[in-house]
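There are 2 protein chains.
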Amino acid sequence: MELKMTLPLPHGGRLVDRVVTNPRAGKKMAASADAVYDIKPTLYNGMPVRNVYREIMSICYGFFSPCEGSMTKAELERILKERRLLSNWVFPYPMLFDISEEDLKKLKVQEGDRLLLRLKGQPFAVLDIEEIYQIDPKDLATRTFGTPQANPEVVKVAFDNKHPGYNIYSSYNRCVLAGKYTIVNEPKMRSPFDRFWYPPAKARAEFQRRGWNTVIAHQTRNVPHVGHEALMRNAAYIGDIKPCDGIIVNAIVGAKRIGDYPDETIVEAHEMVNIAGYVKPSRHLVTILLWDMRYGNPLESLLHAVARQNMGVSFHMWGRDHAALGPYYDTYAAQILWENGVPSFGFDKPPYAVDYGLLMRPQNMAEFWYCPKCTEVTYSENCNHDKERQRFSGSFIRSLLAEGVFPPAVIMRPEVYKTVVKWWKILGYPFNNKKYLAERENELEIDLADMKL
Amino acid sequence: MELKMTLPLPHGGRLVDRVVTNPRAGKKMAASADAVYDIKPTLYNGMPVRNVYREIMSICYGFFSPCEGSMTKAELERILKERRLLSNWVFPYPMLFDISEEDLKKLKVQEGDRLLLRLKGQPFAVLDIEEIYQIDPKDLATRTFGTPQANPEVVKVAFDNKHPGYNIYSSYNRCVLAGKYTIVNEPKMRSPFDRFWYPPAKARAEFQRRGWNTVIAHQTRNVPHVGHEALMRNAAYIGDIKPCDGIIVNAIVGAKRIGDYPDETIVEAHEMVNIAGYVKPSRHLVTILLWDMRYGNPLESLLHAVARQNMGVSFHMWGRDHAALGPYYDTYAAQILWENGVPSFGFDKPPYAVDYGLLMRPQNMAEFWYCPKCTEVTYSENCNHDKERQRFSGSFIRSLLAEGVFPPAVIMRPEVYKTVVKWWKILGYPFNNKKYLAERENELEIDLADMKL
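The listed protein sequences correspond, in order, to chains A and B.
According to our numbering, the residues represented by the first sequence are 11 to 463, in order.
According to our numbering, the residues represented by the second sequence are 11 to 463, in order.
Rather than coming from a laboratory, the hints here were simulated on the basis of the structure.
Derived pair list, reagent style SDA-like, types lysine to any residue, alpha-carbon separation capped at 20 Å:
no.: 1; chain 1: A; residue 1: K383; chain 2: B; residue 2: N284
no.: 2; chain 1: A; residue 1: K198; chain 2: A; residue 2: G131
no.: 3; chain 1: B; residue 1: K383; chain 2: A; residue 2: P382
no.: 4; chain 1: B; residue 1: K383; chain 2: A; residue 2: F416
no.: 5; chain 1: A; residue 1: K397; chain 2: B; residue 2: P424
no.: 6; chain 1: B; residue 1: K14; chain 2: A; residue 2: A376
no.: 7; chain 1: A; residue 1: K37; chain 2: A; residue 2: I49
no.: 8; chain 1: A; residue 1: K37; chain 2: A; residue 2: L463
Here chain A is said to cover these stretches of chain B; the calculated rule only asks that three of the stretch's residues, wherever they fall, bring their Cβ under 8 Å from a Cβ of chain A:
no.: 9; region: 238-246
no.: 10; region: 250-263
no.: 11; region: 287-297
no.: 12; region: 348-361
no.: 13; region: 380-386
no.: 14; region: 391-398
This one's a predicted model, so the numbers in the text were calculated from it and none came from an experiment.
Just so it is clear, CB atoms sit at the ideal spot from N, CA and C, and this is done for glycine as well.
Whenever a hint applies, use it, and build me the whole structure from the sequences.
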């Protein structure tokens, strides 16, 4: 039998690192570009729903290893059919640099050219164009998420414009520039995101510094209520010969929906769980992933697995409705994928058991609820008090907050609630509104140094 | 990577089954014996501390597979030196049929003879004598448990007659009859132990009937307080791709000490945890092992592992002071063994990693305490509230019970407490006293049919 576990290898064997940290080298590279393009957000109904800069960040810093850039047509086809890169490694989503026909005409770039991408008025990255091709955004959106006909194991309802991920893909521009990205102007993460920024190489170094051999990851896009906390802590009793050494929360930071919690609130509320001592700070680390949620449940779980295995994570908690929204996917689609595979997506076995798959192991969890008979937060596979149990409802808690009601401690830790209030005061609203979303799109999460070419 | 786990193979590859269930065949075998011997308890200071019948039961029903009987001198030496049977399989303790010199003289048996063992006046088992040899019981006791000089990794204080396991071995008779046991008169387990009697073959069938692929075991010799319950439930979040399907409690039933809870109370109190719905009955099974506790911490953990792997268990929770008593072993000796091995006991790697070792994996757990700040039972690796935490103390709870005080629900479930009271009324005392121990030794846990030879 194998002896003790250590941190898993990166997906694909090595971490992608496409960030030029030497300013002179970055400047030279930027100056060598054939054309310049200012990155624009993807809009849906006039609202920013995605900014490709987050994909460029996640790719160049290695979160999405072994993916190195915007995909060629052949690679896109392979992704949509088999959820694999041309190198065979499992990968769930298209990564595309899309541009309008008008912009392409203006740029006059061709295959073989280097395009300088500007952000917030500054040089940010270059894209070395390998291929220029056309896509049909609606078709892209449909094929990305699947259909009830083609993917009956997990897709229950055809995707449409009530699904925010569908809206992202169907709002792509029709032209794609394929090629590798290189960040030429090392960005500075803005506060408060800076202290949660653990790109894979840094995350692995931090895990090693802390002596962690086994780490479990938790996806979040929410302020933690006590049920989330129970899920996080209890899932971590999986491990090797003892419970996991470390627990990371990896918050998705990016374009969000109106009514969600602001990202600032989310990351600091999770951090408060360790500051307030509900999980020891030495065992708990809050981190972020720059990504505009696609709400793709099983597919999103694969993206999360790629990013987190690259960070050095050994286990991942999958619950019900993982990164899901609406009736499109089966409630347990992510667990189905990680228990049995989804053949129509290219997985006749779970992703940790297929060739070129992931090394990260699943921890498929059922539910937690508060039970007054058990007098505690209990697990659905334990508590047999069907009449007494009280489910945690995120919308109920949000409605309490909206009314300014201090939620009971059995629902939300008082320190976590105070963090919500802190950002409510700073931002002027407890939840995302149009103003916040517009400001966030303007500021993004990074600042770029003035780079005169 | 391996796909989904299934129940582990028995230790040594197949379950020992040395119970003759056909009454006619059993009678013939009994009648073929060369001599008859009435099993006597091992006494220390006049009190029964062990009855070899429990070893015969555990061996013949396969709990101790691949061990099949009383050990030869060569096998005993191998056990004491390397904790292995002559067949190489890991095994922690001597299994010996000891008899006094006077009794041996009276019996006039020789190597090659068959000895009929009687219990409660009835034929019970036969021992086919392969070897007759002498032991020095004090030396046996010392070498069984180890010494600070020879086993510095885990033995802190030399064993002496304040240790009940030491007293068991040092009270053995000087003559040993080695050979295989066969039960010839199938016993009937007495109430309430009968419904907890799951010999390995039956346990495996029950696990399969319930659809369990992963099972975690918990050792107990106590009535469960809320801390035990938390340990049991939380350890079970280990598993394969999801938390363990099943949780078994395996209570040690046998000779006990004055002041311990009666075995009847212990098994029914654990059962009450599922009846009262704190763990679903479909996920929880209380079982027993007939064994007179040796309190051998790391060595006892090996015996527990052998018995429970044979039952089909995949994981075992090891806590601090596992089956320990007094200052003899390191508090974490069992965890040391299951994390790194104990070379002086013959384990340069943990027992699941050595050749001919166990397949069962460890779940080494830290502590649980009640924390009023966390407002729940919390894990020592999570809760950072050093000032607020309140440890569970078994002796404190026993002192409450002795005073007739209903313990608070944060310490003991009311239903569990009522079970203690139920047996208190039946037996007339909440804890073992001399009268109870004498009656139990008289009745034992089984009845035997009248078998006229």
